[in-house]
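Novice: Chain by chain, the residues run as shown.
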Amino acid sequence: MDKSIFQPYEDEIRALEEEIWLLTEKYKDIRQESISFSDEDILQSTSFQRETQEETNGQESLSELKAQLESLEADLPSLMKFTGFHFTSHSKKTLERTRNRTVEKHRLSGKCHSLSFQLEFQLLEVQDNEKVSTVVSDLSIIMESGEDSNVSKFVSSTEECGDVVTFFRSLSTYAEWFEHRRRTFLHFKAKYPDIVTLPEGLGGDFIILRSPKVSGFELVIVWKIHLNEEGTTIPVLDLLPKVPEQVLENSMTSVENIPGSFRSALRLFGIEVSIENLIKVLRSEK
Amino acid sequence: MKRKGKRIFHWVSSQKFPDFPKFLPSLTLSMQEFFKFLPEFPNFLPKIPRFPPKTLNVLAHLELLEAQHRGWAEAQERQEQLQEREKFLKSRIQELRQRRDALREKVRQELGNLGIASEPDPREVLEWKIQKCRELLRLFRLTGISGKLSPHGISLSLHTSFEGSLLDSFHLELQERGDSGRFWLCRHSVPPFIPLERLARELLPRNPRQFLGILCRHLNTFVGRREQLRKLQEEFPDSVQVLSQNSLCNFLSFRYRIPAESSGEFQEFRAQLRYRDPTGTRPDDVTAVTGDGERGIVGILGVFWEFWDFFENS
Numbered sequence: 001m002d003k004s005i006f007q008p009y010e011d012e013i014r015a016l017e018e019e020i021w022l023l024t025e026k027y028k029d030i031r032q033e034s035i036s037f038s039d040e041d042i043l044q045s046t047s048f049q050r051e052t053q054e055e056t057n058g059q060e061s062l063s064e065l066k067a068q069l070e071s072l073e074a075d076l077p078s079l080m081k082f083t084g085f086h087f088t089s090h091s092k093k094t095l096e097r098t099r100n101r102t103v104e105k106h107r108l109s110g111k112c113h114s115l116s117f118q119l120e121f122q123l124l125e126v127q128d129n130e131k132v133s134t135v136v137s138d139l140s141i142i143m144e145s146g147e148d149s150n151v152s153k154f155v156s157s158t159e160e161c162g163d164v165v166t167f168f169r170s171l172s173t174y175a176e177w178f179e180h181r182r183r184t185f186l187h188f189k190a191k192y193p194d195i196v197t198l199p200e201g202l203g204g205d206f207i208i209l210r211s212p213k214v215s216g217f218e219l220v221i222v223w224k225i226h227l228n229e230e231g232t233t234i235p236v237l238d239l240l241p242k243v244p245e246q247v248l249e250n251s252m253t254s255v256e257n258i259p260g261s262f263r264s265a266l267r268l269f270g271i272e273v274s275i276e277n278l279i280k281v282l283r284s285e286k
Numbered sequence: 001m002k003r004k005g006k007r008i009f010h011w012v013s014s015q016k017f018p019d020f021p022k023f024l025p026s027l028t029l030s031m032q033e034f035f036k037f038l039p040e041f042p043n044f045l046p047k048i049p050r051f052p053p054k055t056l057n058v059l060a061h062l063e064l065l066e067a068q069h070r071g072w073a074e075a076q077e078r079q080e081q082l083q084e085r086e087k088f089l090k091s092r093i094q095e096l097r098q099r100r101d102a103l104r105e106k107v108r109q110e111l112g113n114l115g116i117a118s119e120p121d122p123r124e125v126l127e128w129k130i131q132k133c134r135e136l137l138r139l140f141r142l143t144g145i146s147g148k149l150s151p152h153g154i155s156l157s158l159h160t161s162f163e164g165s166l167l168d169s170f171h172l173e174l175q176e177r178g179d180s181g182r183f184w185l186c187r188h189s190v191p192p193f194i195p196l197e198r199l200a201r202e203l204l205p206r207n208p209r210q211f212l213g214i215l216c217r218h219l220n221t222f223v224g225r226r227e228q229l230r231k232l233q234e235e236f237p238d239s240v241q242v243l244s245q246n247s248l249c250n251f252l253s254f255r256y257r258i259p260a261e262s263s264g265e266f267q268e269f270r271a272q273l274r275y276r277d278p279t280g281t282r283p284d285d286v287t288a289v290t291g292d293g294e295r296g297i298v299g300i301l302g303v304f305w306e307f308w309d310f311f312e313n314s
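Chains A and B are the protein sequences, given in the same order.
Here the first sequence stands for residues 1 to 286, numbered as in my numbering.
Here the second sequence stands for residues 1 to 314, numbered as in my numbering.
No false leads were slipped in.
Below, simulated DSS-like cross-link-like pairs (lysine-lysine); rule was C-alpha separation at most 30 Å, straight line: (1) B:Lys106 <-> A:Lys66; (2) A:Lys280 <-> A:Lys191; (3) A:Lys66 <-> B:Lys132.
Since the hints were made in silico from the structure, they are not lab data.
With the hints as extra help, turn the sequences into a complete structure.
Specialist: Shown next, in the form of structure tokens:
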């Protein structure tokens with residue numbers, strides 16, 4: 001009954017406390033996001049030895065902070081090693097922050113094995129009692145191998161539905177196949193430098209095996225890595241023989257059989273063994 | 001409060017009385033002494049009639065006087081309390097306003113001189129770096145796999161999403177036994193209809209990344225189907241009724257009731273969806289049956305595919 005006369009005061013107090021909370025958060029965000037300390041500053045801070053008694057007034061001591069930082073910095077590289085993602089730079093800007101809702105704009109770049117990517121997106125987090133819901137929107141992706149048509153189709157369909165998780169998962173498998181192909185090409189190039197040539201380099205789609213004895217006789221192995229719109233990676237291998245005319249006249253049928261037998265060898269023995277066998281055949285050919 | 005024995009009168013008053021001290025918590029008076037002072041009171045008890053001392057109701061009247069005085073004292077106290085509270089609230093508002101203005105100034109300054117750091121305070125630098133690391137670890141959630149080191153291995157969380165919203169997370173604990181570099185599965189929160197043990201047996205020792213990739217695909221497609229089902233029920237509560245679904249959500253049947261354009265009555269048909277491959281995003285089998293058998297099934301299928309496209313693309 002008497003309480004009601006104080007209602008406007010109490011309302012104003014509540015509004016002021018809310019505004020103070022918002023301003024404090026905004027100040028923290030601005031400090032965090034606009035300032036960046038160099039590595040030397042960080043090194044200096046971690047080697048800070050002296051610490052007066054007044055500094056530890058209920059907050060964590062510097063050594064505790066140092067320990068926290070060390071454990072976090074140990075987590076990051078092992079997680080990166082496990083998942084294959086290395087984030088090279090990240091910047092974030094808080095657009096809106098209230099008690100229940102946060103909107104942030106992120107810019108993230110990194111590498112997955114040897115493929116680099118750059119993402120920009122908006123992240124909305126809404127807290128509703130106990131549940132926190134996270135929604136990604138406004139996704140924009142730039143990939144290094146963007147000229148590849150199926151990669152760009154996948155990228156644009158992912159951008160449309162904002163599915164960052166699918167993007168990263170598919171990128172992970174795609175990059176692993178990419179890396180596998182690169183390593184395989186490298187291995188064969190190093191082992192048989194006279195026979196193997198890579199006209200498009202280690203990141204290219206095909207490898208040429210040149211016969212040392214019969215000039216003009218080449219076997220082109222095409223190894224394409226398809227990425228379909230749903231994000232599944234499908235490697236496709238095929239063999240194209242390039243045969244000079246004289247050889248063709250003599251042994252037409254055997255040349256025709258080579259791609260078929262290569263494909264069966266792939267199924268039975270795997271990629272490396274099949275290519276190794278082909279090279280051995282070329283070497284021993286008369 | 002009932003009083004027994006000798007009547008004791010308590011007077012609490014701040015008024016000035018001749019010969020009376022200012023505050024008198026209790027006073028025992030005899031009757032005659034009391035009546036001596038009675039004539040002085042009428043200034044603040046204007047309505048009390050003067051009564052001859054020998055009235056039989058004198059005690060009752062005295063009680064009435066006392067009660068009124070007590071009521072007056074309480075009112076006075078309440079008034080003081082209200083005044084104190086008002087003072088307190090006003091000063092609090094003042095203090096908060098000052099704090100708020102100071103913060104506003106601070107924020108305005110920060111926005112003005114971006115990036116100009118004064119002599120870096122080691123605490124501030126450490127806290128900044130810690131926050132940066134925490135944010136980066138949080139970002140790993142968006143890649144689908146996040147986690148942290150545990151004493152003997154690593155504890156991972158697999159995050160699922162559907163069309164931009166992050167949905168359920170599932171947790172795994174992997175331990176590294178010995179120095180072999182191989183991992184073993186310890187605890188997990190993956191539901192039983194996902195073939196976790198088989199995948200772990202086949203893939204985890206040799207190729208942990210492939211294991212995680214395939215497991216993620218299973219979980220993501222399961223959660224995606226479940227979410228599509230939920231959305232379908234939410235969007236069309238009247239037209240679609242889910243007849244059956246299994247836990248893995250790969251065997252579903254619905255009943256559709258669609259108002260036919262021409263006749264205004266409802267067309268009912270049932271559909272069954274089956275996803276043979278649990279990691280596929282499209283069903284392998286779709287069967288649609290109308291209420292009256294084969295008749296009109298072509299038209300029905302047309303409507304069905306419209307529905308399908310709608311919730312695939314929404």
